[in-house]
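Peer 1: Chain by chain, the residues:
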Amino acid sequence: MTDTLASHADRDLNRGEPLIEMTEVGKSYGAIRALSGINLRVNAGEVTCVLGDNGAGKSTLIKIISGLHPHNDGSLRVDGQEVSFSSPREALSHGIATVYQDLAVVGLMEVWRNFFLGSELTAGRYPLAGLKIKQMRTIADTELRKMGVVVKDINQPIGTLSGGQRQCVAIARAVYFGARVLILDEPTAALGVKQSGVVLRYVAAARDAGLGVVFITHNPHHAYLVGDHFVILKLGTTALDKNRAEVSLDELTTQMAGGDELAELSHELKR
Amino acid sequence: MSQTLQAPAPAPSEPTNRIRLSLSQRLLSRPEIGALVAAIIIFIFFFATAPSFRSAESFFTVLYQSSIIGIVAVGVGLLMIGGEFDLSAGVMVYTAGLVTSMFCWYYGVNLWIGAGLSLIFCLALGFLNGFLVMRTGIPSFLITLGTFFVLQGANLGVTKLVTGTVSSPDISQIAGFDSLRAVFSSSFKIGSVTVWGSVLWWIAFVALAAWTLQRTRIGNWIFAVGGNLDSARAVGVPVVRTKIGLFMTVSFLAWFVGMHQLFRFNTLQAGSGVGNEFLYIIAAVVGGTLLTGGFGNAVGVAIGAFIFGMTSLGIIYAGWDPNWFKAFLGVMLLLAVLVNLYVKRMATSRKVG
Numbered sequence: 005m006t007d008t009l010a011s012h013a014d015r016d017l018n019r020g021e022p023l024i025e026m027t028e029v030g031k032s033y034g035a036i037r038a039l040s041g042i043n044l045r046v047n048a049g050e051v052t053c054v055l056g057d058n059g060a061g062k063s064t065l066i067k068i069i070s071g072l073h074p075h076n077d078g079s080l081r082v083d084g085q086e087v088s089f090s091s092p093r094e095a096l097s098h099g100i101a102t103v104y105q106d107l108a109v110v111g112l113m114e115v116w117r118n119f120f121l122g123s124e125l126t127a128g129r130y131p132l133a134g135l136k137i138k139q140m141r142t143i144a145d146t147e148l149r150k151m152g153v154v155v156k157d158i159n160q161p162i163g164t165l166s167g168g169q170r171q172c173v174a175i176a177r178a179v180y181f182g183a184r185v186l187i188l189d190e191p192t193a194a195l196g197v198k199q200s201g202v203v204l205r206y207v208a209a210a211r212d213a214g215l216g217v218v219f220i221t222h223n224p225h226h227a228y229l230v231g232d233h234f235v236i237l238k239l240g241t242t243a244l245d246k247n248r249a250e251v252s253l254d255e256l257t258t259q260m261a262g263g264d265e266l267a268e269l270s271h272e273l274k275r
Numbered sequence: 005m006s007q008t009l010q011a012p013a014p015a016p017s018e019p020t021n022r023i024r025l026s027l028s029q030r031l032l033s034r035p036e037i038g039a040l041v042a043a044i045i046i047f048i049f050f051f052a053t054a055p056s057f058r059s060a061e062s063f064f065t066v067l068y069q070s071s072i073i074g075i076v077a078v079g080v081g082l083l084m085i086g087g088e089f090d091l092s093a094g095v096m097v098y099t100a101g102l103v104t105s106m107f108c109w110y111y112g113v114n115l116w117i118g119a120g121l122s123l124i125f126c127l128a129l130g131f132l133n134g135f136l137v138m139r140t141g142i143p144s145f146l147i148t149l150g151t152f153f154v155l156q157g158a159n160l161g162v163t164k165l166v167t168g169t170v171s172s173p174d175i176s177q178i179a180g181f182d183s184l185r186a187v188f189s190s191s192f193k194i195g196s197v198t199v200w201g202s203v204l205w206w207i208a209f210v211a212l213a214a215w216t217l218q219r220t221r222i223g224n225w226i227f228a229v230g231g232n233l234d235s236a237r238a239v240g241v242p243v244v245r246t247k248i249g250l251f252m253t254v255s256f257l258a259w260f261v262g263m264h265q266l267f268r269f270n271t272l273q274a275g276s277g278v279g280n281e282f283l284y285i286i287a288a289v290v291g292g293t294l295l296t297g298g299f300g301n302a303v304g305v306a307i308g309a310f311i312f313g314m315t316s317l318g319i320i321y322a323g324w325d326p327n328w329f330k331a332f333l334g335v336m337l338l339l340a341v342l343v344n345l346y347v348k349r350m351a352t353s354r355k356v357g
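Here the protein sequences line up with chains X and G, keeping their order.
Residue numbering for the first sequence follows the working numbering, beginning at 5 and increasing consecutively.
Residue numbering for the second sequence follows the working numbering, beginning at 5 and increasing consecutively.
Isolated chain X (complex conformation) (with noise of 0.2 Å):
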């Protein structure tokens, strides 16, 4: 069995070439400045791992690739183009898919009718015109299972799959339809030990297709199990911007806890 995720990803992939690259990319809401400064590459076939604490900025810098609020300073290139999304339907057009923690998917409607949400299969392009159900059926229940993804009844709703399931649907449903960069928001944060597993085993496949994966994480254990580069976001700044070869677990653990201001902390709090 040859067919796995690597075989339904973009051909065009080469490993290494970098999709999205961020420049010196700033965000204010009002007054507010949630993000400044910000470089951040992102090269096919590579994982790289966005850490913060809450406010740190993450969420900002999500909402920036994928469409829902355009940046301000600096530059967003994709593929070498100078993009600014005005909504997440011209990020997906551009290839870049993002799924959200608990929001990757619609809890009551049909496996099949969330594998195709937003793609739907018509018969024709007015607005009554039918939609393609047997197709939609057998297409998402034969593309998930040679994707790894099985489930028992292509029409349960979505809900009734677990945590780990229902992202890797979602992952699955990206490659599907064409994504070439891949944004994870917090993907494990609302799973046990096992179900993580499930999802950063998909994460692991994604990668090894070829596709560009943004991986944003608390959880500098998960981020160290597939990540090949590491950015620390503190108070909308990077703390930290290093590759797999130059930076420890140790070091990764230490800086998510807070570095420095841990040590002054240690310092104040010692007994």
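These are calculated hints, taken from the structure and not from any lab test.
For glycine and all other residues, C-beta sits at the position ideal for the given N, C-alpha and C.
Where hints are given, some of them may not hold.
Partial chain G-side listing against chain X, Cβ under 10 Å, derived [stated by the list, open to error]:
#, residue
1, Val-41
2, Ala-42
3, Gly-223
Listing some non-contacts, in silico: residues in chain X with all C-beta distances to chain G over 10 Å [what the hints assert, rightly or not]:
#, residue
4, Val-87
5, Ser-123
6, Leu-273
Since chain X is already given, all that's left is putting chain G on it; use the hints.
Peer 2: Chain G alone, transformed into the frame defined by chain X:
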């Protein structure tokens, strides 16, 4: 663990490891099943207790009564599946009629012009509702509560300014009346039974809504924006357009019923329609629509409206004090909410480990 990455076992070769759900389980996860059972019980109940309920004439009167609520309720049901409320729909019905009748009476123009004008006006109101909700993020409950009161006041105020009374002028002598009546308020006889055109329109709208919800991409989007707005947006569903479209659908159907009322009675009371918005919502909820959105269907809403029609007339046929009707509706609503909660739980609980 059911997933592996490299080789998902012999999965594609045996697609039969599907779990077949039992019939009762599949039925229980359908939104309209509770309403259907209730409708049958209520029908049998009135059939047994009220002799005059048993004739075909009264059955079609019940259908007529249901259609007047049911046409707008279908739109409200779609909107609620899409996760929003519209409290202004009840009075908008009369706004539509009043705009048509007073414009044509005051300026002495053909009623078709007035009907077209009030259609545009109602669609604009629907757009405004949707636009304000999407733009400000304020819950639709509050936005449409606002438009509800504005319309209620304006209906009375403007009518009084134009005609000096609180009812609109009789329009039966103005050009275009007969053709419009034929479209909106015709009826025909089959034997001794009067069949109102609005019943047929109701069936057509329900069929169209059911098709749209289950079989078109717009229907998919309606479920998605109601079930999970952010994830719908993330996969590229045009959420703003979908929701505004839903508000405009409600206002279109309100206009339609407004035209029916106007051309049936020739004149309208400017203060009417208050309270009907709740009947629409009750019909939708009794029909299995979730208040929180993302679940429901058009046939269920139609059954909800039919329950309304049956009880409102059944109580009269049975010779009881009609004041009990509201109390009954309240009980129905509470029961429906409980059933919906159960159905939702059934639908999302993990069926197999």
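Peer 1: Hint by hint, say whether it matches the structure.
Peer 2: Going through the hints against the structure:
| no. | hint | result |
| --- | --- | --- |
| 1 | Val-41 | violated (21 Å) |
| 2 | Ala-42 | violated (22 Å) |
| 3 | Gly-223 | holds (8 Å) |
| 4 | Val-87 | holds (16 Å) |
| 5 | Ser-123 | violated (7 Å) |
| 6 | Leu-273 | holds (40 Å) |
Comparing the model with each numbered hint stated earlier shows that hints 1, 2, 5 do not hold.
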